[in-house]
Structures are given as structure tokens and as C-alpha cells.
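These protein sequence lines map, in sequence, to chains A and B. Heads up, the first sequence stops at 247 in the working numbering, and the numbers go up one at a time, no gaps. Heads up, the second sequence stops at 81 in the working numbering, and the numbers go up one at a time, no gaps.
Possibly wrong hints are sitting among the right ones.
[Said to hold, decoys possible] Simulated pairs of lysine to any residue, SDA-like, Cα-Cα distance not exceeding 25 Å:
hint	chain 1	residue 1	chain 2	residue 2
1	B	66	A	54
2	A	172	B	39
3	A	127	B	15
4	B	13	A	77
5	B	4	B	34
6	B	13	A	129
7	A	127	B	4
8	A	172	A	140
9	B	65	A	94
Because the hints were derived from the structure by calculation, they are not lab data.
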Amino acid sequence: MNSSVIVFPGSNCDRDVATALTKLQFKNKMVWHKDSELPKSDLIVIPGGFSYGDYLRSGAIAAKSNILKEVIKAANSGCLVLGICNGFQILIETGLLQGALLRNKNLKFISKDVSLKIINNENKFCKKYKKNNIINLNIAHNEGNYFTNKDHLKELEDNELIAFKYCNKDGLINESTNPNGSISNIAGILNNKKNILGMMPHPERMVDNLISNSDGVELFTSILN
Amino acid sequence: MKFAVIITLKKNVLDPQGKVIEQTLQSMGVNSLKNLRQGKYIEVELNETDEKKAHNSIEDMCKKLLVNLIIEEYKIKKI
Numbered sequence: 023m024n025s026s027v028i029v030f031p032g033s034n035c036d037r038d039v040a041t042a043l044t045k046l047q048f049k050n051k052m053v054w055h056k057d058s059e060l061p062k063s064d065l066i067v068i069p070g071g072f073s074y075g076d077y078l079r080s081g082a083i084a085a086k087s088n089i090l091k092e093v094i095k096a097a098n099s100g101c102l103v104l105g106i107c108n109g110f111q112i113l114i115e116t117g118l119l120q121g122a123l124l125r126n127k128n129l130k131f132i133s134k135d136v137s138l139k140i141i142n143n144e145n146k147f148c149k150k151y152k153k154n155n156i157i158n159l160n161i162a163h164n165e166g167n168y169f170t171n172k173d174h175l176k177e178l179e180d181n182e183l184i185a186f187k188y189c190n191k192d193g194l195i196n197e198s199t200n201p202n203g204s205i206s207n208i209a210g211i212l213n214n215k216k217n218i219l220g221m222m223p224h225p226e227r228m229v230d231n232l233i234s235n236s237d238g239v240e241l242f243t244s245i246l247n
Numbered sequence: 003m004k005f006a007v008i009i010t011l012k013k014n015v016l017d018p019q020g021k022v023i024e025q026t027l028q029s030m031g032v033n034s035l036k037n038l039r040q041g042k043y044i045e046v047e048l049n050e051t052d053e054k055k056a057h058n059s060i061e062d063m064c065k066k067l068l069v070n071l072i073i074e075e076y077k078i079k080k081i
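Given the sequences, and given the hints that come with them, work out the whole structure.
This is how it looks when you write it as C-alpha cells:
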């Protein structure tokens, strides 16, 4: 399976994603933001970091870059797109995913491992996870407080478009287990066609038991199959 | 022709920075403080003599890039 990782000035998780993809048997290519052509891809990953120094709003400038025009075209024709952390912020700014990512409620940059519950697994990104299972991934962000209106929240719930929610190790989902203030503890969402996933946690950091855990592996192997 | 664009979070969107500034001012003894919102200020200078055209062009910039209309609102002022 062919994957492309988009690289912006300020991306800093691009090589981590590339390492994870290659380890899990993807044929990966790195694509610079100024390029105007995408290599043939089954999966496009928009990685974490601080594209364009987070100027104006996180992801706002990257969303208008050359290569994003091609990513939007590919996404609209069904290509799988995964946005992690800053990548999620960029997808929101392009309008491919709805809602907004505000500053964390406690105004602090949060970097820690969190527990997540698999809310919906009937999509190409999560099918190797079991519904309601709890996994541990790392988060590292300043603007991860997901916000949307009531109608869209209902749409997300009714159409099974919420992939992950923040919880504790026992699976409890409430305000005390919400690290950043996200509405309804949301950590990752899909678009209506379920070919685009945006998530704040970093699955690419969790693919090797030697340095962390392997809870991120199933996300990538779900895509492979 | 020069314009100021003032961007703030919409009223129903939590503004934690504004809240912290508000609480700090209150703790400093500013008793008359009712509400405080923090925002962004952008100055834009245009090569345009027609004020209406200039205004429209800035509206366009706001909608396409400067403002996230889901969470923010804006005001344009000639300066």
C-alpha cells in the first residue's frame, strides 16, 4: 500500500509517522508542501508539529498551501486521509472536517499519555480495534480542545463518526477524564464518508514496545487490510 | 488606504485567556469590570483609493483566511 506524508516547515512528527508506516509495510514517500503533485497514494498522512509556526491559527496557513489543493481533491475522490495533531488542525482549517480546535481549557501545553476508548470501529482506520476497548496513546498539544455545534455533534454521534474519546484506565468518560476540554471528550472524528480521520493523539509514537507501547499499531494495520 | 481588523471569539465560545485576564484584573481590585474578551488585531494597507472596493477586499480576506468563522467574529475599521 502506498502512503504519502506531507511535510511543512515546522512539521516535527513527519519522520516518526514515516518510520511507523515503513515498519508496518507501507511504501512511503515524503511530499514537500510546495509540491503541486501527489505521488500515487492509498493513504495521505498530515503529520503533527507546528506548521508555519502556528501563525494566525494552528493549521490556517498550511491549509492554503500548494499541496493541500491536491490533498483536498484526493480526499474528495475517496483517498484515505489521516491527520494527526497539527494534521487534524489543518484538516479542520481546510473544511474537510467540521468543527474547531480551541486552546486547551487549562491554557497549558499538555504532553502526556492518555487513555482512549474506541467508540466506533466500523471504519477503515479502526477496524482492528475492538469497540469500547481502551488504548493508551500520547498527546502533545496546545490547541486540542475540540468544539462544534449541537447539530453537528448529534450528526457525529448518530452516524458513528466519533472514533476515540478521552477516558481513564477503566473507561470512564467524564469531565475529570477530559485533558483539554473537548466537547463530549472527543479525541478523533471522521468525515461523513469515513475516509478522513482527524485525531489529536499520536498513534505513530506507539508502535514499538521498546520505547512506548504498541497501541497505535492497529490503526495502521487496519488501513492495510 | 489602511484598515484595522479586530478578531474576537464569538460570545458563546469559551475564551480562557480573556477569563484569566478578567479574573486577574478583578483580583487587583478593579471592581467595575463586567466582562473581558481577548482577540487579535491586524493592520492591512491596500493600494486602493475606492473605500468600498477596499472594504470588500478586506471582507474577502477575512472570510478566506484571517478569520475562522465557526468560532470567531470580526470588525473592520478604516484607520
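How the hints compare with the structure:
no., hint, in the structure
1, B:66 <-> A:54, "holds, 23 Å"
2, A:172 <-> B:39, "holds, 23 Å"
3, A:127 <-> B:15, "holds, 11 Å"
4, B:13 <-> A:77, "holds, 23 Å"
5, B:4 <-> B:34, "violated, 34 Å"
6, B:13 <-> A:129, "holds, 18 Å"
7, A:127 <-> B:4, "violated, 35 Å"
8, A:172 <-> A:140, "holds, 22 Å"
9, B:65 <-> A:94, "holds, 19 Å"
In this structure, the hints that do not hold are numbers 5, 7, in rising order.
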